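Novice: For what it's worth, our numbering labels the leading residue of the sequence shown as 152, then goes sequentially.
These are computed hints drawn from the structure, not numbers from a lab. Treat each hint with caution, since some may be false.
[Stated by the list, open to error] The list that follows gives simulated cross-link-like pairs (lysine-lysine, DSSO-like), each with its CA atoms no further than 30 Å apart:
| no. | residue 1 | residue 2 |
| --- | --- | --- |
| 1 | Lys-205 | Lys-158 |
| 2 | Lys-182 | Lys-216 |
| 3 | Lys-158 | Lys-182 |
| 4 | Lys-216 | Lys-158 |
| 5 | Lys-182 | Lys-202 |
| 6 | Lys-216 | Lys-166 |
| 7 | Lys-182 | Lys-195 |
If you're wondering where the values come from, they're calculated on a predicted model, not measured in any experiment.
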Amino acid sequence: MSIRLRKGPGTSYSKIRQLNKPAGYVVWAEKDGWLNLGREQWIKYDSSYIKFDKKSTVDSFIVGKRVVFEVNSLRFYDSPFWQDIDVAETVDTGLGFTIDTKVTVIGSVTVQITQ
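Assemble the whole structure, with the sequences as input and the hints as a guide.
Specialist: Written out as structure tokens, the structure reads:
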């Protein structure tokens, strides 16, 4: 069984490519039995060959979203305290990450990510 990635939620949309098996993806949205994998990339959901586990709806407005940097020298920290000593890495424009969860530390909201 091959899974075709399409430009929209329907077979009338052009094929982008075939997905590799096994593979895991973040689902950004559902529409009429189709799953959005981000940036207008869609697959038809069929439980006979796709395992789709819906996560909790808590913070669903940010969790699973892919963010691409539009600035240079964005700092990532090893801890949620934002001290110079805690800088793990600095990244530049064009790189991105997926948000894993929202975290509140000392009254400030931040996110935990996968790069």
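Novice: All hints are to be evaluated individually against the structure, with a verdict given for each.
Specialist: Hints, one by one, checked against the model:
The suggested pairing of Lys-205 with Lys-158 holds, with an alpha-carbon distance near 22 Å, which does not exceed 30 Å. Straight-line distance between C-alpha atoms of Lys-182 and Lys-216 comes to about 17 Å, which keeps the hinted pair within the 30 Å bound. Note on Lys-158 and Lys-182: the hinted pairing holds, with a Cα-Cα distance of about 13 Å set against a maximum of 30 Å. The suggested pairing of Lys-216 with Lys-158 holds, with an alpha-carbon distance near 18 Å, which does not exceed 30 Å.
Annotation: proposed proximity of Lys-182 to Lys-202 holds, straight-line Cα distance about 17 Å (limit 30 Å). Simply put, Lys-216 and Lys-166 have alpha-carbon atoms about 23 Å apart, close enough for the 30 Å limit, and the pair holds. Between the alpha carbons of Lys-182 and Lys-195 the distance comes to roughly 10 Å, so the proposed pair stays at or under 30 Å and holds.
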